[in-house]
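Q: Residue-level listing of the chains:
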Amino acid sequence: MRTALKVLAVLVVGIALGLAATWASVIRGTMAGGVSDGPWRTSLYAGSREGGPYLRAQIAMHGLLALNRHETIYYTAARDSDGNVLDGRCLYQIEGRDPPARWWSITAYGADDFLIPNAAERYSMSVNSVARRADRSFVVTLSKGQGGANWIPVGDGPFNVSLRLYNPAPAVAGDPAHVVLPTIRRGTCE
Amino acid sequence: MRMKLLLRHWPWLAATLVLAIVVHAASVYLLPRFVMMRTMAAIARNTGVNAISHGQRPSSRSRGVVRPSPDLLYSTCIYDLAAAHGAVRVHAKDMPATYWSVSLFDADTNNFYVMNDRQAKGGAVDFLLIAPGTFVDGNRLPVVIAPTERGIVLFRTLINDETHIAQIDAARRHAGCEAYVADSR
Chain A
1 MRTALKVLAV LVVGIALGLA ATWASVIRGT MAGGVSDGPW RTSLYAGSRE GGPYLRAQIA
61 MHGLLALNRH ETIYYTAARD SDGNVLDGRC LYQIEGRDPP ARWWSITAYG ADDFLIPNAA
121 ERYSMSVNSV ARRADRSFVV TLSKGQGGAN WIPVGDGPFN VSLRLYNPAP AVAGDPAHVV
181 LPTIRRGTCE
Chain B
191 MRMKLLLRHW PWLAATLVLA IVVHAASVYL LPRFVMMRTM AAIARNTGVN AISHGQRPSS
251 RSRGVVRPSP DLLYSTCIYD LAAAHGAVRV HAKDMPATYW SVSLFDADTN NFYVMNDRQA
311 KGGAVDFLLI APGTFVDGNR LPVVIAPTER GIVLFRTLIN DETHIAQIDA ARRHAGCEAY
371 VADSR
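Protein chains in written order, with the numbering used here: chain A, 1 to 190; chain B, 191 to 375.
Heads up, some of the hints might be wrong.
Unchecked claim - Below, computed lysine to any residue pairings styled on SDA-like, alpha-carbon distance capped at 20 Å:
| id | chain 1 | residue 1 | chain 2 | residue 2 |
| --- | --- | --- | --- | --- |
| 1 | A | K6 | B | W200 |
| 2 | A | K144 | A | R79 |
| 3 | A | K6 | B | S249 |
| 4 | B | K311 | A | E71 |
| 5 | A | K144 | B | S249 |
| 6 | A | K6 | B | R330 |
| 7 | A | K6 | B | T288 |
| 8 | A | K144 | A | R133 |
| 9 | A | K6 | B | K311 |
| 10 | B | K311 | B | T288 |
Hints are computed from structural coordinates only; laboratory data are not their basis.
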């Protein structure tokens, strides 16, 4: 009887520990083999067979059907340029110039990795839609309340942002940690 | 005291640790396959396999695949080489004058092929997706070898002009995907 209980305990605890380790490394963990560029993180092996099991599992959960680096490079930010977690109760300004790619977009996602519901049905800004200053630079505002022409509404809780570079310049894949990308600055908070 | 307890129970502790490592490794390895199977089953429920489906513009109501781009129109096709008796034809012509691409994903989530509008000769693509070692009688189309029997064909079409969404949507419907028969060209 005692042996049976011990076997049961081994099974329950072993399976729970194994699944907890998967949750911590795949669901909550940082991108396997990724590189940082300011607040942005990316992996050149997203969508690629070279990615390894951890990155493949992370992409399955957080970026299914990602294109390989020859076609698109995906940067993601869950923190601002000062390292604070992006929080819908604060206003953020993403400021910069066109990244080196044929086409780019900035899109906000909720913690569930889906587009954030909002009455205006605004989810992204792109090279085609962003309003620019005279020097061609731009400022995109992320906030719960109204934020002007380049506004992307976000919800109350934590959120994250994708910067997609379609047909990136070769230099991006060559050194993805040193591409000049927009900064993310926190403004006022509730 | 603690050391004594550890020594007495070490075989059980070791078994727990080994089981945890095995469960962890297996779940990490199998997760992509599971997610792809679930996604392919959901798409196939609506359109079947070897048939293209032109999705609506993504919004916060789009819950099928994580992190959709609201700037793209997605057209999907579940390829099933067994159901197609060996070959699936993927094609597109007269696509909109904007960025578009066709990408292929195997059952492990790997993107094993992609071609975009600038790479497509004459703005068109037409190829066969086949299993390794398959010979397709009388075929003159380029072939792409699929690493797995099932997977996803995904067309992305960029909405580069909000005032022309209807035209872009109509033009991207020239993309197709179906079981190949020798005279379907």
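Q: Run the structure past the numbered hints and jot down the numbers of the failing ones, going up.
A: Of the numbered hints given earlier, those the structure breaks are 3, 6, 7, 8, 9, listed in rising order.
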